[in-house]
Amino acid sequence: MYQYANYYVICYSAVNWHIGTLNNYIYGMVI
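Residue numbering for the sequence shown follows our numbering, starting at -3 and increasing by one per position.
Quick caveat, the hints were computed from the structure, so don't treat them as lab data. Small disclaimer: the values here were computed from a predicted structure and weren't measured. Even glycine gets a Cβ: it sits at the ideal position worked out from N, Cα and C. Heads up, some of the hints might be wrong.
Label pairs and their in silico Cβ distance ranges [said to hold, decoys possible]: (1) TYR(-2) x VAL26: 38 to 44 Å; (2) TYR(-2) x MET25: 27 to 33 Å; (3) VAL5 x VAL26: 28 to 34 Å; (4) VAL26 x ILE6: 29 to 35 Å; (5) GLN(-1) x VAL26: 39 to 45 Å; (6) ASN2 x ILE22: 29 to 35 Å; (7) ASN20 x GLN(-1): 31 to 37 Å; (8) GLN(-1) x MET25: 36 to 42 Å; (9) ASN19 x GLN(-1): 26 to 32 Å; (10) VAL5 x MET25: 27 to 33 Å; (11) TYR4 x MET25: 27 to 33 Å; (12) ASN2 x TYR23: 30 to 36 Å; (13) TYR(-2) x LEU18: 26 to 32 Å.
Kindly produce the complete structure, drawing on both the sequences and the hints.
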């Protein structure tokens, strides 16, 4: 159970990082 939760947190963090990078890229193009 702990291992599954840890895996979920890692995936969630990775997705948030990619979304943040994409938003910064789009924002940089607009500005």
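Evaluation of the provided hints:
Checking the proposed 38 to 44 Å range against TYR(-2) and VAL26 shows it holds: the Cβ atoms sit about 42 Å from each other. Separated by about 41 Å at the C-beta atoms, TYR(-2) and MET25 break the suggested range of 27 to 33 Å. About 31 Å separates the C-beta atoms of VAL5 and VAL26, a value consistent with the hinted range of 28 to 34 Å. For VAL26 paired with ILE6, a C-beta distance near 31 Å keeps the hint of 29 to 35 Å intact.
Judged by the Cβ atoms, the range 39 to 45 Å given for GLN(-1) and VAL26 holds: they are separated by roughly 41 Å. Separated by about 31 Å at the C-beta atoms, ASN2 and ILE22 satisfy the suggested range of 29 to 35 Å. For the pair ASN20 and GLN(-1), the supplied restraint of 31 to 37 Å holds, since their beta-carbon distance comes to about 32 Å. Here the CB-CB span from GLN(-1) to MET25 is close to 40 Å, well matched to the stated 36 to 42 Å.
A C-beta distance of roughly 31 Å is found between ASN19 and GLN(-1), which places it inside the suggested range of 26 to 32 Å. A beta carbon spacing of about 31 Å between VAL5 and MET25 agrees with the range 27 to 33 Å that was offered as a hint. Separated by about 32 Å at the C-beta atoms, TYR4 and MET25 satisfy the suggested range of 27 to 33 Å. Under the hint 30 to 36 Å, the C-beta atoms of ASN2 and TYR23, about 32 Å apart, fit the expected range.
About 31 Å separates the C-beta atoms of TYR(-2) and LEU18, a value consistent with the hinted range of 26 to 32 Å.
In this structure, only the earlier hint numbered 2 is contradicted, and the remaining ones agree with it.
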